[in-house]
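Trainee: Single-letter residue listing:
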Amino acid sequence: MTATMNLGQLSEFLGATLQGPAELEISGLATLQEAGPGQLSFLANPQYRKYLVDTQAAAVLLRAADAEGFSGNALLVPDPYLAYARISHLFDPKPKAVAGIHPSAVVAADAQVDASASVGPFVVIESGAVIGANVTLGAHCFIGARSVIGEGGWLAPRVTLYHDVRIGKRVVIQSGAVLGGEGFGFANEKGIWQKIAQIGGVTIGDDVEIGVNTAIDRGALADTRIGDGVKLDNQIQIAHNVQVGDHTAMAACVGISGSTKIGKHCTIAGGVGMVGHIDVCDNVFVSGMTMVTRSITEPGGYSSGTAMQTLADWRKSAARIRQLDDMAKRLQQVEKRVDAVTSGGQPSSDG
Amino acid sequence: MTATMNLGQLSEFLGATLQGPAELEISGLATLQEAGPGQLSFLANPQYRKYLVDTQAAAVLLRAADAEGFSGNALLVPDPYLAYARISHLFDPKPKAVAGIHPSAVVAADAQVDASASVGPFVVIESGAVIGANVTLGAHCFIGARSVIGEGGWLAPRVTLYHDVRIGKRVVIQSGAVLGGEGFGFANEKGIWQKIAQIGGVTIGDDVEIGVNTAIDRGALADTRIGDGVKLDNQIQIAHNVQVGDHTAMAACVGISGSTKIGKHCTIAGGVGMVGHIDVCDNVFVSGMTMVTRSITEPGGYSSGTAMQTLADWRKSAARIRQLDDMAKRLQQVEKRVDAVTSGGQPSSDG
Amino acid sequence: MTATMNLGQLSEFLGATLQGPAELEISGLATLQEAGPGQLSFLANPQYRKYLVDTQAAAVLLRAADAEGFSGNALLVPDPYLAYARISHLFDPKPKAVAGIHPSAVVAADAQVDASASVGPFVVIESGAVIGANVTLGAHCFIGARSVIGEGGWLAPRVTLYHDVRIGKRVVIQSGAVLGGEGFGFANEKGIWQKIAQIGGVTIGDDVEIGVNTAIDRGALADTRIGDGVKLDNQIQIAHNVQVGDHTAMAACVGISGSTKIGKHCTIAGGVGMVGHIDVCDNVFVSGMTMVTRSITEPGGYSSGTAMQTLADWRKSAARIRQLDDMAKRLQQVEKRVDAVTSGGQPSSDG
Chain Y
47 MTATMNLGQL SEFLGATLQG PAELEISGLA TLQEAGPGQL SFLANPQYRK
97 YLVDTQAAAV LLRAADAEGF SGNALLVPDP YLAYARISHL FDPKPKAVAG
147 IHPSAVVAAD AQVDASASVG PFVVIESGAV IGANVTLGAH CFIGARSVIG
197 EGGWLAPRVT LYHDVRIGKR VVIQSGAVLG GEGFGFANEK GIWQKIAQIG
247 GVTIGDDVEI GVNTAIDRGA LADTRIGDGV KLDNQIQIAH NVQVGDHTAM
297 AACVGISGST KIGKHCTIAG GVGMVGHIDV CDNVFVSGMT MVTRSITEPG
347 GYSSGTAMQT LADWRKSAAR IRQLDDMAKR LQQVEKRVDA VTSGGQPSSD
397 G
Chain A
47 MTATMNLGQL SEFLGATLQG PAELEISGLA TLQEAGPGQL SFLANPQYRK
97 YLVDTQAAAV LLRAADAEGF SGNALLVPDP YLAYARISHL FDPKPKAVAG
147 IHPSAVVAAD AQVDASASVG PFVVIESGAV IGANVTLGAH CFIGARSVIG
197 EGGWLAPRVT LYHDVRIGKR VVIQSGAVLG GEGFGFANEK GIWQKIAQIG
247 GVTIGDDVEI GVNTAIDRGA LADTRIGDGV KLDNQIQIAH NVQVGDHTAM
297 AACVGISGST KIGKHCTIAG GVGMVGHIDV CDNVFVSGMT MVTRSITEPG
347 GYSSGTAMQT LADWRKSAAR IRQLDDMAKR LQQVEKRVDA VTSGGQPSSD
397 G
Chain L
47 MTATMNLGQL SEFLGATLQG PAELEISGLA TLQEAGPGQL SFLANPQYRK
97 YLVDTQAAAV LLRAADAEGF SGNALLVPDP YLAYARISHL FDPKPKAVAG
147 IHPSAVVAAD AQVDASASVG PFVVIESGAV IGANVTLGAH CFIGARSVIG
197 EGGWLAPRVT LYHDVRIGKR VVIQSGAVLG GEGFGFANEK GIWQKIAQIG
247 GVTIGDDVEI GVNTAIDRGA LADTRIGDGV KLDNQIQIAH NVQVGDHTAM
297 AACVGISGST KIGKHCTIAG GVGMVGHIDV CDNVFVSGMT MVTRSITEPG
347 GYSSGTAMQT LADWRKSAAR IRQLDDMAKR LQQVEKRVDA VTSGGQPSSD
397 G
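Residue numbers (the working numbering), protein chains in the order written: chain Y, 47 to 397; chain A, 47 to 397; chain L, 47 to 397.
Heads up, none of these hints are tricks.
Any copy will do: because identical chains look the same in the list, a pair fits if it lies in one copy or spans two.
No more than 25 Å apart at the CA atoms, straight line, and that leaves these computed lysine to any residue pairs for SDA-like:
no., residue 1, residue 2
1, Lys140, Ser57
2, Lys382, Asp372
3, Lys96, Gly84
4, Lys140, Ala151
5, Lys307, Asp292
6, Lys362, Gln378
7, Lys236, Asp292
8, Lys375, Asp359
9, Lys140, Ser73
10, Lys236, Asp252
11, Lys142, Val194
12, Lys241, Val144
13, Lys375, Asp385
14, Lys241, Val218
15, Lys236, Ala111
16, Lys142, Val176
17, Lys307, Phe232
18, Lys375, Thr388
Derived from the structure by calculation, the hints contain no laboratory data.
Start from the sequences and build out the full structure, keeping to the hints where you can.
Mentor: In structure tokens:
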């Protein structure tokens with residue numbers, strides 16, 4: 047499964063400066079602490095520099111500056127983490143699917159499946175769907191009517207696309223993800239919720255990644271839209287009509303409510319929730335578990351929540367927070383009284 | 047896929063007052079801003095009234111009051127949003143399943159499947175299960191032993207029901223939902239968790255909707271119960287023994303811990319968590335990401351959490367919250383000292 | 047499905063002291079309030095003692111101390127909850143799978159499946175996988191290349207294991223769980239996220255339970271590791287490289303970010319989030335929905351968040367929290383002014 051390459055080949059692949067024997071065989075990747083003979087490592091984060099001297103790695107991806115005084119084998123590159131990212135795919139043990147349709151798959155007569163695509167066991171492809179060149183559909187995938195998967199897409203086993211889901215090129219979707227589920231739309235009639243059919247679809251750009259068990263609902267009228275290069279981690283919820291701008295990344299367990307628009311190059315940390323119908327501009331960072339309750343119009347970092355304490359201290363803080371309004375009023379009162387005593391000197395900041 | 051109807055037919059379907067030509071063909075639905083020729087739109091929210099004048103919609107669902115001064119085609123109705131909800135199903139491109147059992151399905155000899163039901167590819171129906179009239183089971187559904195699906199149910203592809211899950215009429219379940227999973231029950235024996243078999247089932251009422259990847263665990267002893275008309279969005283977790291009252295709605299990513307009872311007509315916003323073994327009365331609204339740590343006995347709105355700030359301001363607030371108990375004590379002290387100076391005038395609110 | 051045993055047999059099974067007729071038939075389990083004739087109940091929590099007098103249960107699991115004055119049938123045991131846990135499996139209506147491979151399953155020629163294992167309909171087992179003795183694979187399970195399931199494992203329908211996932215003995219995995227998904231690893235190159243292949247695997251210990259729709263990602267380089275006896279509830283997210291110590295339990299909707307290490311015998315309540323690259327020591331309890339933002343080095347309880355209030359009160363608190371830094375400064379100022387007036391007596395705690 048895992049390839050073996052020599053250091054010279056890797057150097058050439060990366061355009062790196064080779065420090066060491068070109069014929070040295072590399073059979074895998076590991077961290078500086080865990081690497082053994084035959085394994086290549088990398089130094090990206092300065093705080094791991096201390097592990098460089100004792101590493102058992104056969105060779106290390108290094109910045110030229112970090113290589114000074116390092117006598118081991120190295121590949122010198124401007125960005126070791128990026129070099130590691132590129133090289134990692136050479137050592138990926140993920141099985142490669144073979145072209146062709148598994149005999150157990152159920153493919154509609156009018157679906158188009160490119161001859162170079164791989165369709166796994168028990169896959170269902172419905173009427174009018176289009177599967178592009180070099181697409182892999184893992185076992186148990188379901189591709190709904192008229193859905194389209196662009197070339198080079200890789201769907202893990204058990205991915206579900208409802209009807210009218212349009213996916214760009216080179217999109218990776220992990221197991222359990224569901225695209226095109228019916229958005230949560232109901233009209234309330236005297237206390238009874240009446241379902242609104244969700245007649246829009248889903249449009250996903252190129253080079254998108256969608257994590258395990260992530261859900262992206264179809265639009266109520268128009269499409270829910272995910273831009274190019276967007277990376278969505280596991281267990282994320284994207285409600286109907288949401289729009290996510292290009293190259294935005296979201297960590298796991300994020301929930302985005304309906305009709306919210308998120309800009310480009312945003313980073314949304316794990317567990318963040320966003321209310322519906324708001325706009326978040328480009329280049330926003332939201333810290334973990336923040337509740338975003340209003341539109342954000344300025345780039346930068348945003349947070350909510352309270353810092354962790356021991357249970358005993360937290361109980362005191364939580365009780366005091368409920369007294370805060372009272373405390374604020376008492377503070378104002380005591381300020382006035384001190385003002386009176388000191389004949390009006392030093393006004394308070396809100397007085 | 048999408049129907050075409052004329053304005054007169056739609057007017058009759060809704061019992062609306064027709065303003066415009068009955069023979070005008072309507073081929074779809076869209077918002078006021080996005081609608082083009084042939085599309086019907088609606089004005090429900092007053093803040094979108096500004097879009098009415100320039101809309102390209104072929105016709106608009108309107109309240110009579112909003113139609114004053116509007117010269118375009120319209121269907122006048124008392125509740126345009128509800129009218130849109132009803133009409134949306136006429137234009138739903140969702141494929142209709144055909145009656146019958148796909149030859150690849152594995153159906154136990156003693157399972158009962160109504161002749162009008164549709165059973166998709168690779169569906170598994172186990173011993174003693176009962177599938178009602180006009181039920182649709184999408185591809186890859188699994189229906190466990192003795193489980194029952196009432197008439198008119200619609201299960202998307204890849205829905206899993208364990209054994210002894212009883213579902214009412216006209217229930218909609220989205221992909222990836224799991225009903226009847228084994229609840230999280232363990233007895234701790236000297237630090238080791240011993241599993242408790244979950245021998246209860248799940249009972250779901252009529253007209254319930256269950257979202258993508260939502261989990262409803264079976265009861266430990268009796269059934270977990272979901273009332274009539276309950277609407278559950280995506281990625282929700284309902285633990286064992288929970289009871290949810292009729293017509294309560296929960297947005298995505300809500301988690302309800304074991305044995306908690308929720309009343310009727312409640313609205314639980316996204317990301318809310320509830321601890322176990324509490325009671326929430328009817329007509330409660332809980333705002334997004336609130337942690338419900340105690341029973342609620344009065345109808346109304348409830349919240350927890352802190353408002354979003356810029357990262358810099360939030361860091362200050364978070365640090366100050368940890369000092370709150372100290373601040374409260376100092377405030378009390380300073381009040382006493384001022385009392386002393388001013389000879390006991392103006393007592394503080396808790397002094 | 048459900049067994050019938052008599053009280054004498056149950057007494058013997060538990061090593062209990064029998065109080066009542068050995069031949070009394072027991073056909074099920076129920077709570078004190080809900081039990082009817084033929085059902086066994088238990089009293090574990092003292093607050094339910096009030097239900098003992100009126101229970102209709104045929105017999106009750108009791109501590110000897112609680113049996114004083116109770117004239118009904120009883121099985122006296124040191125730990126009734128634990129006795130109930132053990133006995134619950136005798137009454138579990140869960141269907142038992144039969145050994146053998148369903149003819150619809152697709153099993154690679156070089157996969158090893160023990161003759162005592164049960165492989166359900168539409169299961170896929172890939173090259174080099176090993177399925178141990180008495181393992182049950184429910185319908186629609188996918189077992190990736192070289193993955194190993196130890197003896198006695200029970201996988202519900204529709205569980206997905208990617209390649210190189212190694213699972214210990216007697217592990218229970220609920221529907222929709224995904225083990226070995228590709229971790230969220232990307233290197234940022236001028237605003238574009240470049241995927242890092244996730245070449246590690248997943249290692250799961252013995253006697254682990256994994257809940258519905260829970261995701262455990264494969265490691266980036268080495269394995270993600272879950273210790274022996276760990277219990278994970280539904281909808282949990284375990285990111286790449288995480289390590290969870292033996293006998294730690296996590297309730298639903300927890301999210302653990304990459305490379306975080308959690309100790310042994312920890313209890314993580316529902317909805318907790320942990321940032322990446324931190325260490326949590328043994329015997330830590332984290333309360334519901336807490337955000338763990340730093341390493342924990344002392345055993346004990348930890349919390350964050352604010353207590354629930356009515357919406358009106360909460361709005362005041364939330365506004366005041368944003369004024370906290372200002373309030374703290376004003377408090378300090380007013381203390382200094384009072385100090386000046388009173389000639390420097392009673393210094394404040396931070397002055």
